[in-house]
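4 protein chains.
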Amino acid sequence: MYQALKQRVLDANLQLPKYGLVTFTWGNVSEIDRKLGVIAIKPSGVEYVDMGVDDIVVVDLEGRRVEGNLNPSSDTDTHIELYKAFPNIGGVVHTHSRSATIWAQASLDVPALGTTHADYFYGDVPCTRNLTPVEIEVDYEKNTGVVIIEEFHKRDIDPQAVPSVIVAGHAPFSWGKNAKDAVHNAVVLEEVSAMALATRTLNSGIKIQSELSDKHYNRKHGANAYYGQR
Amino acid sequence: MYQALKQRVLDANLQLPKYGLVTFTWGNVSEIDRKLGVIAIKPSGVEYVDMGVDDIVVVDLEGRRVEGNLNPSSDTDTHIELYKAFPNIGGVVHTHSRSATIWAQASLDVPALGTTHADYFYGDVPCTRNLTPVEIEVDYEKNTGVVIIEEFHKRDIDPQAVPSVIVAGHAPFSWGKNAKDAVHNAVVLEEVSAMALATRTLNSGIKIQSELSDKHYNRKHGANAYYGQR
Amino acid sequence: MYQALKQRVLDANLQLPKYGLVTFTWGNVSEIDRKLGVIAIKPSGVEYVDMGVDDIVVVDLEGRRVEGNLNPSSDTDTHIELYKAFPNIGGVVHTHSRSATIWAQASLDVPALGTTHADYFYGDVPCTRNLTPVEIEVDYEKNTGVVIIEEFHKRDIDPQAVPSVIVAGHAPFSWGKNAKDAVHNAVVLEEVSAMALATRTLNSGIKIQSELSDKHYNRKHGANAYYGQR
Amino acid sequence: MYQALKQRVLDANLQLPKYGLVTFTWGNVSEIDRKLGVIAIKPSGVEYVDMGVDDIVVVDLEGRRVEGNLNPSSDTDTHIELYKAFPNIGGVVHTHSRSATIWAQASLDVPALGTTHADYFYGDVPCTRNLTPVEIEVDYEKNTGVVIIEEFHKRDIDPQAVPSVIVAGHAPFSWGKNAKDAVHNAVVLEEVSAMALATRTLNSGIKIQSELSDKHYNRKHGANAYYGQR
Chain A
1 MYQALKQRVL DANLQLPKYG LVTFTWGNVS EIDRKLGVIA IKPSGVEYVD
51 MGVDDIVVVD LEGRRVEGNL NPSSDTDTHI ELYKAFPNIG GVVHTHSRSA
101 TIWAQASLDV PALGTTHADY FYGDVPCTRN LTPVEIEVDY EKNTGVVIIE
151 EFHKRDIDPQ AVPSVIVAGH APFSWGKNAK DAVHNAVVLE EVSAMALATR
201 TLNSGIKIQS ELSDKHYNRK HGANAYYGQR
Chain B
1 MYQALKQRVL DANLQLPKYG LVTFTWGNVS EIDRKLGVIA IKPSGVEYVD
51 MGVDDIVVVD LEGRRVEGNL NPSSDTDTHI ELYKAFPNIG GVVHTHSRSA
101 TIWAQASLDV PALGTTHADY FYGDVPCTRN LTPVEIEVDY EKNTGVVIIE
151 EFHKRDIDPQ AVPSVIVAGH APFSWGKNAK DAVHNAVVLE EVSAMALATR
201 TLNSGIKIQS ELSDKHYNRK HGANAYYGQR
Chain C
1 MYQALKQRVL DANLQLPKYG LVTFTWGNVS EIDRKLGVIA IKPSGVEYVD
51 MGVDDIVVVD LEGRRVEGNL NPSSDTDTHI ELYKAFPNIG GVVHTHSRSA
101 TIWAQASLDV PALGTTHADY FYGDVPCTRN LTPVEIEVDY EKNTGVVIIE
151 EFHKRDIDPQ AVPSVIVAGH APFSWGKNAK DAVHNAVVLE EVSAMALATR
201 TLNSGIKIQS ELSDKHYNRK HGANAYYGQR
Chain D
1 MYQALKQRVL DANLQLPKYG LVTFTWGNVS EIDRKLGVIA IKPSGVEYVD
51 MGVDDIVVVD LEGRRVEGNL NPSSDTDTHI ELYKAFPNIG GVVHTHSRSA
101 TIWAQASLDV PALGTTHADY FYGDVPCTRN LTPVEIEVDY EKNTGVVIIE
151 EFHKRDIDPQ AVPSVIVAGH APFSWGKNAK DAVHNAVVLE EVSAMALATR
201 TLNSGIKIQS ELSDKHYNRK HGANAYYGQR
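Chains A, B, C and D, in that order, are what the protein sequence lines are. With the first letter of the first sequence counted as 1, position 135 gets the number 135 in full-length UniProt numbering; the numbers rise by one all the way through. With the first letter of the second sequence counted as 1, position 213 gets the number 213 in full-length UniProt numbering; the numbers rise by one all the way through. With the first letter of the third sequence counted as 1, position 148 gets the number 148 in full-length UniProt numbering; the numbers rise by one all the way through. With the first letter of the fourth sequence counted as 1, position 170 gets the number 170 in full-length UniProt numbering; the numbers rise by one all the way through.
Okay, chain A solo, but in the shape it has when bound (with noise of 0.2 angstroms):
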């Protein structure tokens, strides 16, 4: 039933090693299917290598197993939290990847500096505030959503346009219209991460025009977006 699915959800999994996005099993995609009310998640602790579509997990909008006979990922609650904010996303993606996750570190927003960042995002890539201890010794992986969405509100973010947070002190989520697009946008995140880094150090000060930012975000979404074959 929920066949094809988990085959997208795997897919979407063993393109985290494809672009070095992980170390061991430090990453999870997930995509939900909102007719059924599913999602289909990577199970926890498992090897990429290892992985087949029988171990992906599926739960409902609760957390519990609907099939499956592995954990789900730890990070599951994280997941259903932003799915149910979002009504907007089908997949959502963790990971460690390294240049997100130095952000992550340093509790900063990734800067919009070049228009590689702009053709995806539209503005920074916020970073929330910590957790309070509660928050962390309570429903922890459940909070982390909660915090994401409460950035996102607080500073009127649409998470379609800025499909990308930075967790302060742990490292990023993002997500996408399925699986495959979530791991395409953590990818594209990992890389300007990266470029934002480096292009700080040359010149602490530099942001991007908001003209280029507003006209390579709009080349690639929206009614008027020219790039591709549309």
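If you are wondering where the hints come from, they were derived from the structure by calculation, not from laboratory data. Careful, some of the hints might be misleading.
When chains are identical, the list treats them as one kind, so a pair holds in a single copy or across two.
For lysine-lysine, the following DSBU-like pairs were computed, each having C-alpha atoms within a straight-line distance of at most 30 angstroms [what the hints assert, rightly or not]:
#, residue 1, residue 2
1, Lys220, Lys180
2, Lys177, Lys207
3, Lys142, Lys207
4, Lys154, Lys84
5, Lys35, Lys207
6, Lys215, Lys154
7, Lys220, Lys18
8, Lys35, Lys215
9, Lys154, Lys207
10, Lys220, Lys84
11, Lys142, Lys215
12, Lys18, Lys180
13, Lys35, Lys180
14, Lys220, Lys207
15, Lys18, Lys154
16, Lys142, Lys220
17, Lys142, Lys18
18, Lys142, Lys180
19, Lys180, Lys84
Got chain A; can you put chains B, C and D on it based on the hints?
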């Protein structure tokens, strides 16, 4: 009729992932046939692994499609401007290669700091001014070419002696006597950009000796060149 | 008699080039069989590609060769000290992996800056003091172990909670419940060392929240761990 | 007559791309046969993938071609100077490997900061002075050798104890007992150059303890060496 041209352009585009200059589809190479008045160029938004010779698009110097079913690269108008302004070049390449893009994001010239640079570029690789909001709004890709050409004229730089440019806030363009040669120069630009980043961290004021720059450039270029098998 | 032990040690040594932790022969892994009172370890100065299971050397806890024709790693005496002082460890690895060695050369602890670190190391990875000239002159490799153990005792660090150390001016050692686990920790140390370098450049005073460090360490370790398939 | 020599030189040249020390044709390795008074060296500007044993050029100590149809490396005269001045070396290699070239561009010695360096280099790897305009204009490649030799004499450095040099504004040269050993040293130089860059960023004043440097150098070199299988 354009088969050989298209094959060379395909081959040159496939060098981009081989040399690590591109993520996803973020790069495009073209070559001009000046006798026939046409340019062959990568289609927009197509993955390198999926690309065949029939996907390469042939356009005339007004950007009208002459052969092929796909849309040409969204950067085609920049390529056309360069071919029109620089009559001795035969190939153009645009990438978002990491280190050169870092210099673009910092809005700085890539400084000539050693003989690796001097072997290919006679002096700093210039960074353009920002485009104005109007230049961005209307004919953006064409105007990207216009500011490149303006920078070379303003500084009186010979585009054959410095076959690359840094577009502020954006990324590099390189060119050469044909598509393959343009890609070769893009690889060099990326390498010298990476070296220059760290060199300036170690020794912020350093420049190459002008005599050493002259010597290395002339070892490889002009009537008295003695590098290679001549 | 030692065939299975030697095979595990060979396999773990071959993980070093696979994970990019070594140049040439600059690394060695050992595993102890505490019942038999022997340690299997890489031979000194032998290339990984040439190494077979019969090249692995078995020594007793005084460093005397019990099986094998080759000289054991020149670092064998350091391994022995660690096994004697840390009774719960089963494998030890030494490399000159780039980022961890940079912290060693800088004579600095690898600071705990994020959850990637906290998942494996409970607090900073300590850097030893310098050896004295006398400690260097006589029994250098043994004394390298002595200063490691001294640092853990002085700071009251549990070697199972922080399974790596930075030896000042030299390079890292890591350990684990067996040879494979030790190499796993060495890979993690290298990754968090690289992240910490750039994090400190972006934000020089940052530290991980202590509650977040506790949470992530306890997600993976101890009675209440819930990461993975338990 | 020179077949074995040429084969060794070919093999050593092919190690350069394998170890990531070269872009395109930016490197060359030679080996001397002191009895026969000849040097075998890479041809100028030939791609590594296209190179066969018959492309290797044999020259005498005046640089005259003795065997082969291609032009020898444009850096041949530098190699010859080094062989003449350093009677105990048998192989020379020149690359523009990224990190060592960064030190060259910064006109700085590669400082001895850890045992990775001390295992191979007894003290800092020296950076030459700039060549004068006249030295650049006439016999440039020979004079590159002259300033290298001058630096070793001026600082009283034994070229066997420090088998590499940084040529200011240019790039490194390394040497060894034969072509293969020279390439080995070039790989080490690149690695310690990369480590030193980041070490100095973390801790700008740090140096290796002199006793530790002595110890590690003598573990691997001289009558009392005990590293490896002796």
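Tested hints:
For a Cα distance limit of 30 angstroms, the shortest separation of Lys220 from Lys180 qualifies both inside one copy, at 18 angstroms, and across copies, at 28 angstroms. When the C-alpha separation of Lys177 and Lys207 is checked against a cutoff of 30 angstroms, the pair qualifies only within one copy, where the shortest distance is 29 angstroms, while the shortest distance between copies is 35 angstroms. Taking the shortest Cα distances, Lys142 and Lys207 sit within 30 angstroms of each other only across copies (23 angstroms), while inside one copy they are farther apart (34 angstroms). Taking identical chains as interchangeable, the C-alpha atoms of Lys154 and Lys84 lie at most 30 angstroms apart only when both belong to the same chain, with a minimum of 17 angstroms there against 49 angstroms between chains.
For the homomeric pair Lys35 and Lys207, neither the shortest alpha-carbon distance inside one copy (42 angstroms) nor that between copies (43 angstroms) is at most 30 angstroms. Taking the closest pair of Cα atoms, Lys215 and Lys154 come within 30 angstroms of each other both inside a single copy (25 angstroms) and across two copies (26 angstroms). For the identical chains of this complex, Lys220 and Lys18 are neighbours both inside a copy (25 angstroms) and across copies (26 angstroms), given an alpha-carbon limit of 30 angstroms. In this homomeric assembly, Lys35 and Lys215 never come within 30 angstroms of each other (Cα to Cα): the closest approach is 35 angstroms inside a single copy and 35 angstroms across copies.
Within a single copy, Lys154 and Lys207 get their C-alpha atoms as close as 22 angstroms, and across copies as close as 25 angstroms, so both meet the 30 angstroms cut-off. Proximity of Lys220 and Lys84 under a CA criterion of 30 angstroms is satisfied in both settings, with 26 angstroms inside one chain copy and 27 angstroms between copies. For the identical chains of this complex, Lys142 and Lys215 are inter-copy neighbours only, at 14 angstroms across copies versus 36 angstroms inside a copy, given an alpha-carbon limit of 30 angstroms. Proximity of Lys18 and Lys180 under a CA criterion of 30 angstroms is satisfied in both settings, with 13 angstroms inside one chain copy and 23 angstroms between copies.
In this assembly of identical chains, Lys35 and Lys180 lie within 30 angstroms of each other by CA distance solely inside one copy; the values are 19 angstroms within and 44 angstroms between copies. For a Cα distance limit of 30 angstroms, the shortest separation of Lys220 from Lys207 inside one copy, 21 angstroms, qualifies, whereas the shortest one across copies, 38 angstroms, does not. Taking the shortest Cα distances, Lys18 and Lys154 never come within 30 angstroms of each other, neither inside one copy (35 angstroms) nor across copies (43 angstroms). Proximity of Lys142 to Lys220 under the C-alpha cut-off of 30 angstroms is restricted to the inter-copy arrangement: shortest distance 18 angstroms between copies versus 33 angstroms within a copy.
Only within a single protomer do Lys142 and Lys18 lie at most 30 angstroms apart by alpha-carbon distance; the minimum there is 29 angstroms, versus 36 angstroms between protomers. Taking the shortest alpha-carbon separations for Lys142 and Lys180, only the intra-copy value of 23 angstroms comes in at or below 30 angstroms, while the best inter-copy value is 33 angstroms. Only within a single protomer do Lys180 and Lys84 lie at most 30 angstroms apart by alpha-carbon distance; the minimum there is 19 angstroms, versus 40 angstroms between protomers.
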